[in-house]
Amino acid sequence: MSENQKKQPNKFLTTMFIVAGVLLAISVVLILLAVLTKSSVFNFILFICGIIEITVGIIFFKIAKRRIRYTCPECGTKRKHHRAYISTTKRDSNNTEAFTSKYTHHYLDTYVCPACGCKMDEKVKKSGGTYVVYKDNRVDDRRIEPEEF
Numbered sequence: 001m002s003e004n005q006k007k008q009p010n011k012f013l014t015t016m017f018i019v020a021g022v023l024l025a026i027s028v029v030l031i032l033l034a035v036l037t038k039s040s041v042f043n044f045i046l047f048i049c050g051i052i053e054i055t056v057g058i059i060f061f062k063i064a065k066r067r068i069r070y071t072c073p074e075c076g077t078k079r080k081h082h083r084a085y086i087s088t089t090k091r092d093s094n095n096t097e098a099f100t101s102k103y104t105h106h107y108l109d110t111y112v113c114p115a116c117g118c119k120m121d122e123k124v125k126k127s128g129g130t131y132v133v134y135k136d137n138r139v140d141d142r143r144i145e146p147e148e149f
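In this text, residue positions in the sequence shown follow this note's numbering: the first is 1, and each later residue adds one.
Worth flagging that the hints you see were computed from the coordinates, not collected in a lab.
Just so it is clear, CB atoms sit at the ideal spot from N, CA and C, and this is done for glycine as well.
Possibly wrong hints are sitting among the right ones.
Stated by the list, open to error - Here are the simulated lysine-lysine pairs, PhoX-like style, with alpha carbons at most 25 Å apart:
| # | residue 1 | residue 2 |
| --- | --- | --- |
| 1 | Lys135 | Lys65 |
| 2 | Lys135 | Lys62 |
| 3 | Lys135 | Lys78 |
| 4 | Lys126 | Lys90 |
| 5 | Lys135 | Lys90 |
| 6 | Lys62 | Lys38 |
| 7 | Lys78 | Lys11 |
| 8 | Lys65 | Lys78 |
| 9 | Lys65 | Lys102 |
| 10 | Lys65 | Lys126 |
| 11 | Lys123 | Lys78 |
| 12 | Lys102 | Lys80 |
| 13 | Lys80 | Lys119 |
Claimed, not checked - Computed beta-carbon distance windows for the label pairs:
| # | residue 1 | residue 2 | range |
| --- | --- | --- | --- |
| 14 | Phe44 | Lys65 | 28 to 36 Å |
| 15 | Lys126 | Thr100 | 13 to 21 Å |
| 16 | Pro114 | Arg91 | 32 to 40 Å |
| 17 | Lys65 | Leu36 | 36 to 44 Å |
| 18 | Gly117 | Leu36 | 53 to 61 Å |
| 19 | Phe47 | Ile144 | 17 to 25 Å |
| 20 | Val35 | Asn95 | 46 to 54 Å |
| 21 | Lys80 | Lys102 | 30 to 38 Å |
| 22 | Arg143 | Pro114 | 28 to 36 Å |
The task is simple: from the sequences and hints, build the whole structure.
Next up, the structure:
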């Protein structure tokens, strides 16, 4: 394993902890100011910072999940992504205007390391589109074929 491959995850974690620490410190200071001064201005700023923190948390979660999928924990090599189709489910609904069928494709995503063979499987659901038959017998077919790679 090269030294460059080892540094990237550590650099990412360090950056994540620094940003989280700074946001935590800002939140603590704003909470203390809001409680001690009883000012609505600090409450508003605290609310805005909370929204920013939630957004940053969601972004970090997405980045971390992607890194787990595409980086081998054994050797740090980028994994190859494969998708196998399993099945399609259909959910029907009927209202006064139309009869609608919504399709969902189920896949098995596999992430395989080409260097050491380490493998991770994950079940995934993707939209299969819709098929709508209106009361006047008009048809809107927006079904999507399953894809494998």
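Tested hints:
no., hint, result
1, Lys135 / Lys65, "violated, 44 Å"
2, Lys135 / Lys62, "violated, 42 Å"
3, Lys135 / Lys78, "violated, 52 Å"
4, Lys126 / Lys90, "holds, 12 Å"
5, Lys135 / Lys90, "holds, 20 Å"
6, Lys62 / Lys38, "violated, 36 Å"
7, Lys78 / Lys11, "holds, 17 Å"
8, Lys65 / Lys78, "holds, 14 Å"
9, Lys65 / Lys102, "violated, 28 Å"
10, Lys65 / Lys126, "holds, 18 Å"
11, Lys123 / Lys78, "holds, 20 Å"
12, Lys102 / Lys80, "violated, 31 Å"
13, Lys80 / Lys119, "holds, 9 Å"
14, Phe44 / Lys65: 28 to 36 Å, "holds, 32 Å"
15, Lys126 / Thr100: 13 to 21 Å, "holds, 18 Å"
16, Pro114 / Arg91: 32 to 40 Å, "holds, 38 Å"
17, Lys65 / Leu36: 36 to 44 Å, "holds, 39 Å"
18, Gly117 / Leu36: 53 to 61 Å, "holds, 58 Å"
19, Phe47 / Ile144: 17 to 25 Å, "violated, 40 Å"
20, Val35 / Asn95: 46 to 54 Å, "holds, 51 Å"
21, Lys80 / Lys102: 30 to 38 Å, "holds, 32 Å"
22, Arg143 / Pro114: 28 to 36 Å, "holds, 35 Å"
In summary, the numbered hints that this structure violates are 1, 2, 3, 6, 9, 12 and 19.
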